[in-house]
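4 protein chains.
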Amino acid sequence: MSKNKKILILNTGGTFSKTYDEINGNLVVPIHNKAIEEILGKSKISNCIVSGLIYKDSLNITQRDRILLKNQIKKSNHKKIIIIHGTDTMDKTAKYLAKHIKNKTIILTGAMVPFSLDEIEATSNLMLAFGYISSKNKKNIYIAMHGNIKKYNKILKNRTLGVFECQK
Amino acid sequence: MSKNKKILILNTGGTFSKTYDEINGNLVVPIHNKAIEEILGKSKISNCIVSGLIYKDSLNITQRDRILLKNQIKKSNHKKIIIIHGTDTMDKTAKYLAKHIKNKTIILTGAMVPFSLDEIEATSNLMLAFGYISSKNKKNIYIAMHGNIKKYNKILKNRTLGVFECQK
Amino acid sequence: MSKNKKILILNTGGTFSKTYDEINGNLVVPIHNKAIEEILGKSKISNCIVSGLIYKDSLNITQRDRILLKNQIKKSNHKKIIIIHGTDTMDKTAKYLAKHIKNKTIILTGAMVPFSLDEIEATSNLMLAFGYISSKNKKNIYIAMHGNIKKYNKILKNRTLGVFECQK
Amino acid sequence: MSKNKKILILNTGGTFSKTYDEINGNLVVPIHNKAIEEILGKSKISNCIVSGLIYKDSLNITQRDRILLKNQIKKSNHKKIIIIHGTDTMDKTAKYLAKHIKNKTIILTGAMVPFSLDEIEATSNLMLAFGYISSKNKKNIYIAMHGNIKKYNKILKNRTLGVFECQK
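Protein chains in written order, with my numbering: chain A, 1 to 168; chain B, 1 to 168; chain C, 1 to 168; chain D, 1 to 168.
Any given hint could turn out to be false.
Remember, identical chains collapse to one label, so a pair may be satisfied in a single copy or spanning two.
As the list claims (entries may be wrong) - Using 25 Å as the maximum straight-line C-alpha spacing, the simulated BS3-like pairs for lysine-lysine come out as follows:
id, residue 1, residue 2
1, K79, K168
2, K154, K75
3, K157, K6
4, K34, K139
5, K74, K168
6, K42, K157
7, K34, K150
8, K168, K34
9, K6, K104
10, K151, K42
11, K80, K151
12, K168, K56
13, K154, K136
14, K157, K75
15, K102, K42
16, K6, K168
17, K150, K80
18, K70, K168
19, K34, K136
To be clear, the hints were calculated from the coordinates, so they are not data collected in a lab.
As the structure is a prediction and not an experimental result, all values here were calculated from the model.
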């Protein structure tokens, strides 16, 4: 690990990077990290690296995927990790990671609207996480969405409104 | 001040919000905060408020403008303030504020490319500041640009490359 | 009918105007003509009017819908009509209209990529039709897609490539 | 000339393809045809070719440039030519070409808003010309802007409103 590349961004898929398949007329999770890379490139950000290991709608994330993700994180030298994840099971993955990983700062984020459809929300959520993780903070598992960053069990998706809200 | 609206975003203009004037064919600083408001709206962010007080290209920011800005900040109840500012004299305004304001966290940010031309860099810089200011951090004057947030005198615009770089 | 509003644009839905439903994560045909209106507005076009009568994915267009569309066209004073239609059954609707309407110039067009996802192809197809219908041409039923405008039975969707191609 | 590549698009610059220069903060006419090529690519258009010969703001187009353009057109095998041109002197170039070229259909078009800033108007104007030139029409010099295509001396830029209007 290079000393200057402090933050690791791990892509697991989700709405964040969905792209349109013209032939079938569907939005699909592509097997690449281009949405993240376009954000970093246009934002002139060089102090992080991007890696993808699962490319799934979060409704299809399995326990095996979570184990894979956890092992990847444990193996990594990085102490500051942002995970791009679908919003539907972001809380489950966060809870699982919280049980197994104690000595790293991990922030899960994602998007309600694909970056390919509108660039703002996805960029906003990723950079919210990026700004928070750049500060001095307690090693913990966080969720960063819609302007709020909280410990993973203090912020929840309101499925009716489509917004993440802080819990009392 | 409402308890839920913790972060104040103060607009002073700059490239960030420049828009195209069709009749004259120029990019101009508009007298409104629509670029910031569009980012916050599409990002579903409600825990902040936006206010504008100077709408200038930063090359035209005067000492009088800086005094006005400083007074506005002192008067405000907000302890966490993000300032949207042109990149050319961002460091001068930061230095001036650092001399006069001790008990607040202030982050200056802006953009090299107008939000109206490309939404990513401006959104990225604003949300980098937003994420950082949401954490626990030392009261100080910071600059947040291009993935880096540092004390205002530790980060500088490289005018040849058009990128803000950390100073040793 | 106003003398200056010569061209009628009739919206029947299709991929052209699909928008993203955040709550369900699907692309849906909205019950409005905003995509068309945004194109006309930003293009500063005032010599046409827009009207919507069916808002469906073209796979769901029924014979009853075609009768409705035909009756609407017969009733209208307009001699030049552009129909926004899904690409999958554009040829069927065109064939049906060709049987029943002899004294008007009608151009069917649409898009493979929703305007909400990428503005170029939808704008391009609509304006291709608009430019052609603005000229002197034989009263007939045409399809305008991907740079080609031909009599409806001389141009066909290549479903493998996702492109409309001229037939020999 | 290939039989299938019937339409020639000649780029002379203008607002249509201006891009943002971050270092100087200006919009400049680039020495390439990427805006046109992006429109054609995303529109899946293959029945035309693009060529650039002057890359200037139309206020800087000289009589020498017009002679160059006229000679290029005379030399070309193409009978149908679209010229991308700045809006300020589009009428002057059209008038000059009308004096010298009798046996071709030439449509001048351009944009009030750079394609790099907003994709719709530029795409709309180009495709309006493209649709019109695809029809059978009298060999002549036309201007196509904002939904109107007329003989070059029957349509004029309203410099106060920033819209091209038909002349009585």
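Okay, the hints, checked on the actual structure:
1. In this assembly of identical chains, K79 and K168 lie within 25 Å of each other by CA distance solely across copies; the values are 22 Å between and 28 Å within a copy.
2. Taking the shortest Cα distances, K154 and K75 never come within 25 Å of each other, neither inside one copy (27 Å) nor across copies (33 Å).
3. Proximity of K157 and K6 under a CA criterion of 25 Å is satisfied inter-copy only: 21 Å between copies versus 29 Å inside one chain copy.
4. Neither within a single protomer nor between protomers do K34 and K139 lie at most 25 Å apart by alpha-carbon distance, with minima of 29 Å and 36 Å respectively.
5. Taking the shortest alpha-carbon separations for K74 and K168, neither the intra-copy value of 31 Å nor the inter-copy value of 31 Å comes in at or below 25 Å.
6. In the homo-oligomer, the alpha carbons of K42 and K157 lie at most 25 Å apart only across protomers (16 Å), although the nearest pairing inside one protomer, at 29 Å, exceeds that limit.
7. In this assembly of identical chains, K34 and K150 lie within 25 Å of each other by CA distance neither inside one copy nor across copies; the values are 27 Å within and 28 Å between.
8. Taking CA atoms no more than 25 Å apart as the test, K168 paired with K34 passes in neither setting, with 36 Å inside one copy and 32 Å between copies.
9. With identical chains, the CA atoms of K6 and K104 are at most 25 Å apart within one copy only, with a shortest distance of 12 Å there and 27 Å across copies.
10. For a Cα distance limit of 25 Å, the shortest separation of K151 from K42 across copies, 23 Å, qualifies, whereas the shortest one inside one copy, 29 Å, does not.
11. Taking identical chains as interchangeable, the C-alpha atoms of K80 and K151 lie at most 25 Å apart whether they share a chain (15 Å) or sit on different chains (21 Å).
12. For the identical chains of this complex, K168 and K56 are neighbours neither inside a copy (31 Å) nor across copies (41 Å), given an alpha-carbon limit of 25 Å.
13. In this homomeric assembly, K154 and K136 come within 25 Å of each other (Cα to Cα) both inside a single copy, at 20 Å, and across copies, at 17 Å.
14. In this homomeric assembly, K157 and K75 never come within 25 Å of each other (Cα to Cα): the closest approach is 30 Å inside a single copy and 36 Å across copies.
15. Neither within a single protomer nor between protomers do K102 and K42 lie at most 25 Å apart by alpha-carbon distance, with minima of 33 Å and 34 Å respectively.
16. Taking identical chains as interchangeable, the C-alpha atoms of K6 and K168 lie at most 25 Å apart only when they sit on different chains, with a minimum of 16 Å there against 33 Å within one chain.
17. Both within a single protomer and between protomers do K150 and K80 lie at most 25 Å apart by alpha-carbon distance, with minima of 16 Å and 17 Å respectively.
18. For the identical chains of this complex, K70 and K168 are neighbours neither inside a copy (28 Å) nor across copies (35 Å), given an alpha-carbon limit of 25 Å.
19. In this assembly of identical chains, the alpha carbons of K34 and K136 never lie at most 25 Å apart, being 29 Å within a copy and 32 Å across copies at closest.
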